[in-house]
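Fit chain to chain and form the complex, with the hints in mind.
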Amino acid sequence: MLRVRNLKAAYGKIEALHGISFHAERGEIVTLIGANGAGKSTTLKALMRLTPPESASVTAGDMEFDGISILNMDAHRVVSDLKMTLVPEGRHIFGNLTVTENLQLAAWSRKKSNVDEDIRHIFDIFPRLAERAKQRSDTLSGGEQQMLAVGRALMTQCSVLLLDEPSMGLAPLIMYDMFRTLKKLNADGLTIIVVEQNARLALQVADRGYVLDTGEIIAEGSADELLKKPEIMAAYLGA
Amino acid sequence: MRRYTLNVVFCLAAVALVALAQAGALDKYVLTIITFIGINCIFAVSLNLVNGYMGEFSCGHAGFMCVGAYVGSLLSVAFFTNSNLFGAALFPPQWAPFLFPVVLLGASLAAALFGLIVALPSFHTRDDYLAIITIAANYIIISIVENIDAIGGPRGFSGMKKTVNAMSDVADLPWMLIWTIFGFFVCVMTIYRLMTSTYGKGISAVCQNEVAAEIMGVNTNRVKIMAFMISSGLAGLAGALYAHVYGYVNAQAFNILKSTEGLVMVYLGGMGSISGVLMAAVAFTLLVEWLRFVIPWLNEVSHAAGLLPAGYEISQIWKWVIIPLILILLMQFRPEGFLGNRELTQVFPRLKRWITFK
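First to last, the sequence lines map onto chains Y and L.
If you're matching positions, the first sequence starts at 281 in my numbering and goes up one per residue.
If you're matching positions, the second sequence starts at 3 in my numbering and goes up one per residue.
Please note: incorrect hints may appear among the correct ones.
Derived, one-sided and incomplete: chain Y residues facing chain L with beta-carbon distance under 8 Å [what the hints assert, rightly or not]: (1) Leu330; (2) Glu334; (3) Leu362; (4) Leu366; (5) Phe374; (6) Ser389; (7) Thr436.
What follows is a set of in silico ranges between Cβ atoms, one per label pair, in the way DEER data are often shown [to be verified]: (8) L/Ala16 x Y/Lys392: 34 to 42 Å; (9) L/Leu300 x Y/Gln415: 33 to 41 Å; (10) Y/Gln415 x L/Val296: 43 to 51 Å; (11) Y/Arg416 x L/Ala285: 27 to 35 Å; (12) L/Thr34 x Y/Arg416: 57 to 65 Å.
Hints in this document: simulated from the structure, not taken from any laboratory.
Using N, Cα and C, we set each Cβ at its ideal position, and we do this for glycine too.
With the rest of the complex left out, here is chain L (with noise of 0.2 Å):
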């Protein structure tokens, strides 16, 4: 029965969670920052499998993040909406409830696709070497975005709006809350199922020497290539959902900032621990926007106080400072993160009593 525990609490949430939406209780606002919550979740873990379990350090995320977002965005166009770039529908946009999951796999298998590519030479380096490559990588993606006018270059890409209305159309859902809770359970699932098996074991054991984990038969090269792909392609996932809750994509979104955004809740999370990287996301995006609202009291506080001359005003830009900020700190006074490598389960013992996890 324990086992189950998790999986009966969660869809519970879920199910709460859309019911409170679709009754209105939830103000558009709440149930943006709630999605944003989910999608971050799904970047910071794909990430963590990465740099917390196999311990390599990837510094790009964000670029296969981008790479799903617009796959996910062009093919959604192409499927369900008339458009100057692909022409008539594909499917009738009745169909978009059904079709939606090919949308998101197929930015999956893209981004997944676009690891394989950075993985192949960038694995026989190491340490700050990856480091470099994949930073390399994210700004190659977005160069090559940036310089394709037919999807917008840098002026980004939209028209994904008319998908998520051609859904609501059929049945009147909170559709996109709906595929992030999707999205969400099938990161968390696969990193977790991944993580437990034998596979798992030895990306651990690679994480932990590699010369040993070869010598016991392990072959590394693979193990460590299919860990980036699976990773890369849960952040396509996160991608795709990320432009269609906003409706617009721009490939300036998905620079080395997010990409630090991703970092940030990993290592506050704690490496290789999955409750501690999804209590991290919440944590962070809830900061992030609680920064919206703190900035501009700051300011008012501060020249009321007479403490800023006149002509100064502390922008948003500042969260930029505060956000790296974090990361020093965390590194300087509590390395491991809020939970190590351990799960939750590990911190508070007790917790075993209702539920197994790891």
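Excised from the complex, chain Y in its bound form (with noise of 0.2 Å):
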């Protein structure tokens, strides 16, 4: 469904990723590993399209959702109209804002009628979220905030999640949380691409991974697979 081919992308002059070539089918959840600085988030905010200076551009290769490139796509276009959406790295969640407010407005670009019920399914997904629900989301723990940036990227109503470590900051068991609720989710039918340093973690949970150093891909396959390579383990792995 999501095929990338043969991607390069760059920051100015400094090219970050030297042309990656992977793909996603519906129902998968895809991992992409790999050290600091591999082009992990670069991947992820290239497949979103947002635009420099927060993002880096495409220079050369193809992205291409159910056969179509997207290449040409803004970023709220690939959110309102291939259902594709990004949790970003640091949440960047709506810090004036209170947890309802921030999820009504991830309604934006959807059409609005069963708001409010999907704001239910979100809090019992979450229900920390639901006791916190009129609390302004910058009073929110780091736990919560990235439970709140996960379900304010569901609002969208998105059929494919990405997700740009999931796992940092927060404490381990708060981190198990996270991956078991995204599994479940998964188990409804959601597509997930998640980024992870935390890679044991995240193949644990994943169907297949890449794993990814100075932007190339040098590793991949099924998550059992790459888990068992004692190479792969030991140079990126931290096993």
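Below you can see the structure in the form of structure tokens.
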């Protein structure tokens, strides 16, 4: 469904991706793992069609969604038409709005019917958010903010969810909770592409994985295969 | 019922004001000051949309007021008066009270269009760069106007008094006060309705975090340009009113000093607070008028006390030292302004018993 071919992207003159190819099918969890500066976040931002200076500009290659190139699409169209959205690194929630207002705002690009129903659904997934519903979101803890960021993304009625380092800055227990929730959402039909530094955790929930190193994919395979390769485990997964 | 309190209070106040003016209880000077307060309110509240709610920094708001003032004046002269410029009046002068809204609308649309022209290239930039571009736009419009001799060039343009007189001939009412109140209502309602709508939430989202807004499906470019156009259009409305109250316009009245006045009012009131900015606009206009009396008084007192050399007089120019000084002191001691980004009802929750606002 989502197919990236020989993608090159650069920040100004500095090339961050040297031609990577990968794909994701509906209902899969695919993970991109690798060290700092490997180009994982750059890949996600390029998929979201974010523009410079926030993101690198694509210089070569192609990205296809259901067979149609998305290179000339704007970010807001990716959200509204393709139903694909991003949970960015560092959450980027709207700090001056309450939890509920954050969720309401995320319904911007979709039909406005069922918004309240969907908010209740988000509160079912993340009961902690229900307790904080009327609270300004910049007063939430890191874990709650991450829940809100995921909940907000789900409010766009996305069918493909891109996550950039969802485990960053979370306590281990909350981190496991988050991944369990992602697994559950996936079982309900959500396609997930997750970028992680915590490779072991990501591979435990993912179907397939790609290992990135300085802008190139150096290994790919099913999650189980990757977990078993000793040289990859040693070099990138810290085992 | 609470929903309408504000509207009812506003209508009563407006009627009372017009009635007082009509009865002659307000002298001409007081009436003019009240009208200018109204115009400054429109000017400041519209600037607040860009600088407060959207979090951008527009420094040349007076440029849009200038466009509105000139387009409004030209339309008004072409419509209702016999002039050398346009020849015979397009409509009989008796129609003036009814067609004046068209003049205001035309002025607003022209200013909004100019806003679009400025916004299209400049919204690829942000912060300081946008500030510089808007200052440049302010100077561009002044230079353009000053170099068109047909509309008076640097001498300015007049003839709008005839339109106002034509309105008074139809019915003897304080017309410009009425139109200013009308403009004030249109401006405040537009911004209030906009900011409480979904579109307004998009504007706050852009202000907070542009990336996050984009990945929520907000077309940030369109939202920004729309907000900028609405803001400049309302500034144009203020300009058209200003031109008709004075009966004379000059491009230099809309230079960077006027833009600075707008910034002072917005930051004094609190960014992103309609009630705060309205309070600030009233306070600021009154302060500037008050300085008109205080400066000569200071001059006399300091001369009497022998503090100043005999040849030196404190002139009204000192106003332009005091106004920027207010801005500097404000940034130093109360950067959030009167109300911060809260409305009056949020600062005094008890007000909610009577009115709902936001």
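For each hint given before, does the structure comply? Return the numbers of the non-compliant ones in rising order.
3, 9, 12
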